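Start from chain G and add chains F and S according to the hints.
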Amino acid sequence: MYDVVIVGGGAVGCAAAAELAKYQLKVCLVEKESDVCEGTSKANSAIIHAGFDAEPGTLKAKLNVRGSSMMAELSKKLDFSYRNNGAMVLCFDEAQLGELEKLADRGRQNGVPVEILTGAQAREKEPRLSDEVVYALYAPTSGIVCPFEMTLAFAENAYENGVEFRLSTEVTGIEKTAEGFTVQTDRGSLETKAVFNCAGVYADKLNDMAGGRHFNIIPRKGEYLLMDKDAGTVVSHTIFQLPTKMGKGILVTPTVHGNLLVGPTAQDIDDKENTSTTRDGLAEVRAKGSLSVKDLPFGKVITSFTGLRAVGDTHDFIIEESTEGFFNAAGIESPGLSSAPAIAEMLRELLEKRMVLTPKPDHKDTRKGVTHFAALDRDAQNALIKEIPEYGNIVCRCETVTEGEILDAIQRPLGATTLDGVKRRTRAGMGRCQAGFCSPKTILLLAEKLGVGIGDIRKNGRGEVHEDA
Amino acid sequence: MTKILTCINCPMGCELTVEVENGKVLSVSGNTCKRGELYAESEITAPTRTITTTVISEQGRPVPVKTAQPIPKDKIFECTAAIKALKVSLPVKVGQVLADDLLGTGSQVTATKSVG
Amino acid sequence: MREFDLVIVGGGPAGMAAAVAARTKGLENILILERDSELGGILNQCIHNGFGLHTFKEELTGPEYAERYAEQVEAMEIPVETDTMVLDISKDKTVTILSRKRGVEQIQAKAVILAMGCRERPRGALNIPGYRPQGVYTAGTAQKLVNCEGYVPGKEVVILGSGDIGLIMARRMTLEGAKVRAVVELMPYSSGLKRNIVQCLDDYGIPLMLSHTVVDIKGKEKLEGVTVAAVDSTNTPIEGSEEYFPCDTLLLSCGLIPENELSRSCGVDIDPRTNGPLVDEGLETSIDGVFACGNVLHVHDLVDFVSEESARAGESAVDYIRRGCTPDSTAAIKVIPQNGVRYTVPSQIHTADLLGDVHIRFRVTGVFKDCAIVIKAGDTELVRRKNRILVPSEMLDIIIKEEKLAAVTEDITVAIEEV
Chain G
1 MYDVVIVGGG
11 AVGCAAAAEL
21 AKYQLKVCLV
31 EKESDVCEGT
41 SKANSAIIHA
51 GFDAEPGTLK
61 AKLNVRGSSM
71 MAELSKKLDF
81 SYRNNGAMVL
91 CFDEAQLGEL
101 EKLADRGRQN
111 GVPVEILTGA
121 QAREKEPRLS
131 DEVVYALYAP
141 TSGIVCPFEM
151 TLAFAENAYE
161 NGVEFRLSTE
171 VTGIEKTAEG
181 FTVQTDRGSL
191 ETKAVFNCAG
201 VYADKLNDMA
211 GGRHFNIIPR
221 KGEYLLMDKD
231 AGTVVSHTIF
241 QLPTKMGKGI
251 LVTPTVHGNL
261 LVGPTAQDID
271 DKENTSTTRD
281 GLAEVRAKGS
291 LSVKDLPFGK
301 VITSFTGLRA
311 VGDTHDFIIE
321 ESTEGFFNAA
331 GIESPGLSSA
341 PAIAEMLREL
351 LEKRMVLTPK
361 PDHKDTRKGV
371 THFAALDRDA
381 QNALIKEIPE
391 YGNIVCRCET
401 VTEGEILDAI
411 QRPLGATTLD
421 GVKRRTRAGM
431 GRCQAGFCSP
441 KTILLLAEKL
451 GVGIGDIRKN
461 GRGEVHEDA
Chain F
1 MTKILTCINC
11 PMGCELTVEV
21 ENGKVLSVSG
31 NTCKRGELYA
41 ESEITAPTRT
51 ITTTVISEQG
61 RPVPVKTAQP
71 IPKDKIFECT
81 AAIKALKVSL
91 PVKVGQVLAD
101 DLLGTGSQVT
111 ATKSVG
Chain S
1 MREFDLVIVG
11 GGPAGMAAAV
21 AARTKGLENI
31 LILERDSELG
41 GILNQCIHNG
51 FGLHTFKEEL
61 TGPEYAERYA
71 EQVEAMEIPV
81 ETDTMVLDIS
91 KDKTVTILSR
101 KRGVEQIQAK
111 AVILAMGCRE
121 RPRGALNIPG
131 YRPQGVYTAG
141 TAQKLVNCEG
151 YVPGKEVVIL
161 GSGDIGLIMA
171 RRMTLEGAKV
181 RAVVELMPYS
191 SGLKRNIVQC
201 LDDYGIPLML
211 SHTVVDIKGK
221 EKLEGVTVAA
231 VDSTNTPIEG
241 SEEYFPCDTL
251 LLSCGLIPEN
261 ELSRSCGVDI
271 DPRTNGPLVD
281 EGLETSIDGV
291 FACGNVLHVH
301 DLVDFVSEES
311 ARAGESAVDY
321 IRRGCTPDST
331 AAIKVIPQNG
341 VRYTVPSQIH
351 TADLLGDVHI
361 RFRVTGVFKD
371 CAIVIKAGDT
381 ELVRRKNRIL
391 VPSEMLDIII
401 KEEKLAAVTE
411 DITVAIEEV
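As they're listed, the protein sequences go chains G, F and S. Okay, so the first sequence: first residue is 1 according to my numbering, each after it adds one. Okay, so the second sequence: first residue is 1 according to my numbering, each after it adds one. Okay, so the third sequence: first residue is 1 according to my numbering, each after it adds one.
Just chain G, with the same shape it has in the complex (with noise of 0.2 Å):
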């Protein structure tokens, strides 16, 4: 019997596992994904947010700046990669500046820090803004992370304090129980006190399930472009712009591993597994992307990808037991990455009015995540590959990422089992060849690590489960 299950291993599912495995609670986490991070929290903005946005008095705004406010300290303890670059709105129209205004008011509502700049003092800080823009509001307090990172930092630290993982597991159904529930799941059931539901676009589905008050997740697909690191210092801040009458624009920014991103679109659609990039979107994001920045160098972009925001039809996150020890965490389009962690002490809140939480006294608040060879200075370099020689072999040159750093990455905690886990937790594969030659190596290594034959290694998706590593 489990205290707890948690359903959906993205960001907000891991960062509740992290949280609960600070108590003596027998947690599990499920994930239909043979992964960590495979939905929402992989293809995003990857910002953390400032705060200023939300209206205020909602949750969003709340969880947003509480979340933001932890950012710096958890990236620290957790190892993961985030950056403080400072963010601002832009505004093009003279006509515009009670939007602006009404704006930055917000922002001070939620105890946001805020500026209103005129469109020369933006240059100034931005020297490759569009001469057309009047104002900006300036967030010095925005920052932007690496998602996977983040999720993945989460997910080990929970897998290390305890707390179960069932990949590739699907739930296909609630029933209440005497005691809690029963979960049923494609390989097998879990009976449990308590759900967390972390599922994503799925949460409507799974509420249903558990018979809670009913709500709907519209996936809101949102589609960008990614550029080569020569890109990445095209600007430094976060760049939004205010919605105008052509709709929410979008942003312009760097992300924390020194590429240029620039999207997303804004389309609300019914396949909750449409992540598919199209050409009228992408071609929305250039044209759009020129209205901040100028010149633009789309002949630099190395990927492009789509993800689906879970915009909930109550238009604030659903934070709520739904019913007796079925808890949600739904609805948690933007800014749920920068919510994340708040999202996580919400939940353990209002579970501890249902059950007594004792702390774990040998919780370990801290993890390290992979080495990156790259980044270390040349004597570490150097007394690393005297003990792990095969961290003086690269495989990734785009990335400069080592065999060292691929077995790590496949033979940690919750390792990696395939080519995007692999990625995902190094970067190879992440650069600007795209894994034209890093993939071959990549691919024989998964398959000798897992024990298995080359034609078994996926790029994604759910397959067999590995036994660990």
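Hints were generated in silico from the structure; no laboratory data involved. Being a predicted model, the structure only gives us computed values, none of them experimental. No residue lacks a Cβ here, since even glycine has one placed at the ideal position from N, Cα and C. There's no promise every hint is true.
If the Cβ cut is set under 10 Å, some of the chain F residues that face chain S in the computed set are [what the hints assert, rightly or not]:
no.: 1; residue: Cys-14
no.: 2; residue: Thr-17
no.: 3; residue: Gly-60
no.: 4; residue: Val-65
no.: 5; residue: Lys-84
no.: 6; residue: Lys-87
no.: 7; residue: Thr-112
Just chains F and S now, kept in the frame of chain G:
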């Protein structure tokens, strides 16, 4: 009858105009060198190709191989299957003969790389 | 710190030819650095034939061509360090290298030859909409999997782009039992060699769909199929022309990009047209004593040209070292691509420092029929060569005699004229 062929002997890919009557080549034009003429002749009467492929060695590593002489074009798949079925044990040296007279074509199969 | 006269970055055809030429000129202290575990570079996976007609007067496969050079390197006892990655090259030619055996090490060179080759343009750079499932490979990655790992990635194949690797892989996959449904090419002409269209597509009845492109990729986890559409003269897909091809593999053969990350971080000036370094007649880059050759300089279609060019780079490097590592003595004249010419290598010539005849290599911007290549110095015509047809897929090579060039004082132009 006039046939237009592209010579495959070298990267220039000359466009050959070939006059053919009763399966016999009367004249070839458009070629830059003698080999174009020979190619046209062979392509009309008995087209041949060199096969390059790999044989998986007993140790599991692929060994690249070729037919040392061109084989009849209509036997490409048959010959490829026969090459694939060869038993090869590492190490092999470049140029090593792995089969003589492949399916009666008179062509040898040789390793094109030293492996193992 | 270990010191070398000449450090060659890359042990593929370019690096080996440069090393052999430098040693032939008598240079002793050479080091070849190779990231793979053997010499040969990309030739090791190019198991098809068609290499070496110029260099060896016979038709060889890629590995055979590589082995010919590797044998020379060995016979000449030129030191090679394999499994060694170059992490950085500084302006003063300190080279930072990484290997399992030696860890991170800095070595000092008097001259450096860049011979890192090129990489394939990935899907992302092509802006193909759709899903991102398993089953989409660049043609070269698939070639490596099939030829070096013995793993055939799929059974039903569509190939986007008619570059030579794509054409070669169409035949290769067919021989491995796969069904290649079509080769789809955006341009109205193929970017591969004509002989490859005949012997890789026509021989097997594989259709070449010119002026077509892939407009959608289906399948969330595994590739299920692609939608192909015709494009108009602006390369925009024509509505209503879509055709769906079920397939489990999509290979991309849509161009090669010289790999110049090291060159850039070293400060070498890059030509935006070739994505390779700007070089002079001796293949010397904007940094004295740093040379470039082969596919890192500009993408070649024939390895024979790579070898010839690289030998020249090797000789130039020896000359640079012998004259005491001093810069070229004179101002240079420019080589300017004009009508119909996309770029030239070299882009400048030091007419007082010539070491022999100069090869001008270039590609045309489109298909030209019944035309002439005209090379002029000012108003003086140096070369006029008539051609029946010129295509962008064929690299052109015009040799200008040393005697002719020595007297030139004005910039040189290269243009295509209609006849």
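Double-check F/Lys-84 for me: the hint is only fine if its C-beta lies closer than 10 Å to a C-beta in chain S.
OK, holds: F/Lys-84 within 10 Å of chain S, min 9 Å.
Mind checking the CB of F/Thr-17 against every CB in chain S and telling me if the closest is under 10 Å?
This hint is violated: F/Thr-17 lies away from chain S, its Cβ roughly 13 Å from the closest one there, beyond 10 Å.
F/Cys-14 as an interface hint toward chain S, with CB separation required under 10 Å:
9 Å, holds
When the nearest CB of chain S is found for F/Val-65, is that gap smaller than 10 Å?
8 Å, holds
Please verify that hint: F/Lys-87, Cβ, nearest Cβ of chain S, below 10 Å or not.
15 Å, violated
Agreement of hint F/Thr-112 with chain S interface, Cβ distance less than 10 Å
4 Å, holds
Report holds or violated for the interface hint on F/Gly-60, using the least CB-CB distance to chain S and a cut-off of 10 Å.
Constraint on F/Gly-60 satisfied, holds at 7 Å.
Going through the hint list in order, the structure does not satisfy hints 2 and 6.
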